[in-house]
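So you can see what is in the structure, the chains are spelled out below.
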Amino acid sequence: SQQGEEDPQALSIQEGENATMNCSYKTSINNLQWYRQNSGRGLVHLILIRSNEREKHSGRLRVTLDTSKKSSSLLITASRAADTASYFCATDSYKLSFGAGTTVTVRA
Amino acid sequence: ETGVTQTPRHLVMGMTNKKSLKCEQHLGHNAMYWYKQSAKKPLELMFVYNFKEQTENNSVPSRFSPECPNSSHLFLHLHTLQPEDSALYLCASSQEGTGTEAFFGQGTRLTVV
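First to last, the protein sequences are chains A and B.
Mapping the first sequence onto this note's numbering, position 13 (from 1) lands on 938, and the numbers just tick up by one.
Mapping the second sequence onto this note's numbering, position 99 (from 1) lands on 129, and the numbers just tick up by one.
It is possible that part of the hints are untrue.
List time: in silico BS3-like cross-link candidates among lysine-lysine, alpha-carbon distance up to 25 Å [said to hold, decoys possible]:
id	chain 1	residue 1	chain 2	residue 2
1	A	K981	A	K1020
2	A	K995	B	K48
3	B	K70	B	K82
4	A	K1020	B	K71
5	B	K82	A	K995
6	B	K52	A	K994
7	A	K951	A	K981
8	B	K48	B	K82
9	B	K71	A	K951
10	B	K66	B	K52
11	A	K951	B	K48
12	B	K71	B	K82
13	B	K82	B	K66
14	B	K48	B	K66
15	A	K994	B	K82
16	A	K1020	B	K70
17	A	K995	B	K71
18	A	K1020	B	K48
19	A	K951	B	K82
Hints were generated in silico from the structure; no laboratory data involved.
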């Protein structure tokens, strides 16, 4: 069953701007992961944040986790046209459960 | 390349056909998964195999039949499918129990006509 829910469903920004998307989930988790999917391709893992962590960085990506609110956010800074993709959060309790994703379009 | 290979990449089949999807990983992972991705919907977990044993079957219709002959290979046998089964089928693998990421194949785009 679906665990994570991303918000917004779609996001369109200008190159150079920041993109922020949110994920809410329902039950307790071991960790939360963010994935990226280019059109019609497989998912690629971006970053994993454990339940005892509050913030994590990887290059231009910043992820936060608030277990009290059961929510996470993914920030992509200084976006590029190549960041155009769908982004999914996945919650890891005893299995990985994905949401429907946020489709991000970066305009050149 | 993620280390997970799916074949074929595209498949068109009639409702009376029988076909199989193949997934292969050489990452040494002990768990393999089949997901179904339909447009505008969350990824649906179909089957999970742990050390070749099926540990999850998410109420998937019997026209989908998985097979895991060893920890590196996973098949999805298809027969008498319906047009609504048209979707992107994704295979993934992970090292179960370590809380680490899943590695996905590129998927098989299935169209049922």
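Quick check: which numbered hints come out false for this structure? Numbers 2, 3, 5, 6, 11, 12, 15, 18 and 19 - these are the hints that the structure violates, sorted from lowest upward.
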